[in-house]
Amino acid sequence: MAPRARARRRLAGFGLFDALIALVILSVGLLGLTRLQARSLSYGTEADQRVRAVQLGSELLGTAMIDAANAACYTLPASGTCGSDSASDYAEDFETRVGQALPDGTVSVSYNAGTRRMTLVITWTAKGQREDGAQTEDDDESTRRMEASTYV
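Using our numbering, read the sequence shown as starting at 1 and increasing by one per residue.
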């Protein structure tokens, strides 16, 4: 047998082995991209929830600033007496909208008439687990909170 023929026989099947290694590397890379996509979707959802909370909070505080004479009517849960039915109806509707816009969304609004300071706190539940089902590192990961205050 010629030396070239022996060399070819020794190299027979080497291309198949290379293809298998490349397939394993490609599979690991695609798996990583899948996890990256899942996390990206999760972070996007959380960012959307934060934006909704800020928009809702800004809306209520802006409305209370415009209607400063009835600022106490915008407290949640309602406290004291309110002279404006439309303001108290707005506050109740606002509480409902927060519950609909955010998962397990709750809102509390307090008003200090002495300092004329209104404080709003919106809380909601975010995903407490990663996409692969493992628990997150942060125990407080599942509860989100947005707090804002202004002088009315």
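It should be emphasised that the hints constitute simulated quantities derived from the structure, not laboratory data.
Keep in mind that a hint or two might mislead.
Beta-carbon label-pair distances, calculated as ranges [what the hints assert, rightly or not]:
#, residue 1, residue 2, range
1, Thr143, Gly83, 31 to 37 Å
2, Ala47, Gly83, 19 to 25 Å
3, Glu92, Ile66, 39 to 45 Å
4, Leu23, Ala101, 42 to 48 Å
5, Gly83, Leu41, 45 to 51 Å
6, Asp104, Ala68, 29 to 35 Å
7, Leu33, Thr143, 48 to 54 Å
Calculated pairs, SDA-like style, for lysine to any residue (alpha carbon to alpha carbon, straight line, at most 20 Å) [claimed, not checked]:
#, residue 1, residue 2
8, Lys127, Thr63
9, Lys127, Asp18
10, Lys127, Thr45
11, Lys127, Met146
12, Lys127, Asp104
13, Lys127, Leu30
14, Lys127, Arg50
15, Lys127, Gly62
16, Lys127, Glu46
17, Lys127, Gly99
18, Lys127, Ala87
19, Lys127, Gly15
20, Lys127, Leu36
21, Lys127, Thr106
Since this is a predicted model, take the numbers as computed values, not measurements.
Built from N, CA and C at the ideal position, the CB exists for glycine as well.
Structure-based check of each hint:
Hint check: Thr143 to Gly83, Cβ distance near 35 Å, so the stated range 31 to 37 Å holds. Remark: the range hint 19 to 25 Å for Ala47 to Gly83 is contradicted by a beta-carbon distance near 39 Å. A hinted range of 39 to 45 Å is violated for the C-beta pair Glu92 and Ile66, which are about 18 Å apart. Our hint of 42 to 48 Å for Leu23 and Ala101 holds, since their Cβ atoms are close to 46 Å apart.
A hinted range of 45 to 51 Å for the beta carbons of Gly83 and Leu41 is consistent with their spacing of about 47 Å. At about 31 Å, the CB distance of Asp104 to Ala68 agrees with the hint of 29 to 35 Å. Judged by the Cβ atoms, the range 48 to 54 Å given for Leu33 and Thr143 is violated: they are separated by roughly 31 Å. In summary, the hint linking Lys127 to Thr63 is not supported, as the alpha carbons are separated by about 31 Å, beyond the 20 Å threshold.
The straight-line distance between the Cα atoms of Lys127 and Asp18 is roughly 42 Å, outside the 20 Å bound, and the hint therefore fails. Distance hint between Lys127 and Thr45 is fulfilled; the C-alpha atoms sit about 9 Å from each other, no more than 20 Å. For the given pair, Lys127 sits about 16 Å from Met146 by alpha-carbon distance, which is consistent with the 20 Å threshold. Among the hinted pairs, Lys127 with Asp104 is consistent with the structure: their alpha-carbon atoms are about 11 Å apart, no more than 20 Å.
As the CA atoms of Lys127 and Leu30 are separated by approximately 25 Å, the hinted pair breaks the 20 Å bound. A C-alpha spacing of about 13 Å is found between Lys127 and Arg50, which places the hinted pair at or below 20 Å, so the restraint holds. About 30 Å separates the Cα atoms of Lys127 and Gly62, which puts this hinted pair outside 20 Å; it is violated. Of the pairs offered as hints, the one joining Lys127 and Glu46 holds, with about 8 Å between alpha carbons and a cut-off of 20 Å not exceeded.
Taking the CA atoms of Lys127 and Gly99, the gap is about 16 Å. The hint holds against a cut of 20 Å. A C-alpha spacing of about 34 Å is found between Lys127 and Ala87, which places the hinted pair above 20 Å, so the restraint is violated. Under the criterion of a C-alpha separation no larger than 20 Å, the hint pairing Lys127 with Gly15 is inconsistent with the structure, at around 46 Å. Distance restraint check for Lys127 and Leu36: the Cα-Cα separation of roughly 16 Å lies within the 20 Å cut-off, and the hinted pair is therefore satisfied.
Distance check on the hinted pair: Lys127 and Thr106 sit about 16 Å apart at the alpha-carbon level, within 20 Å; holds.
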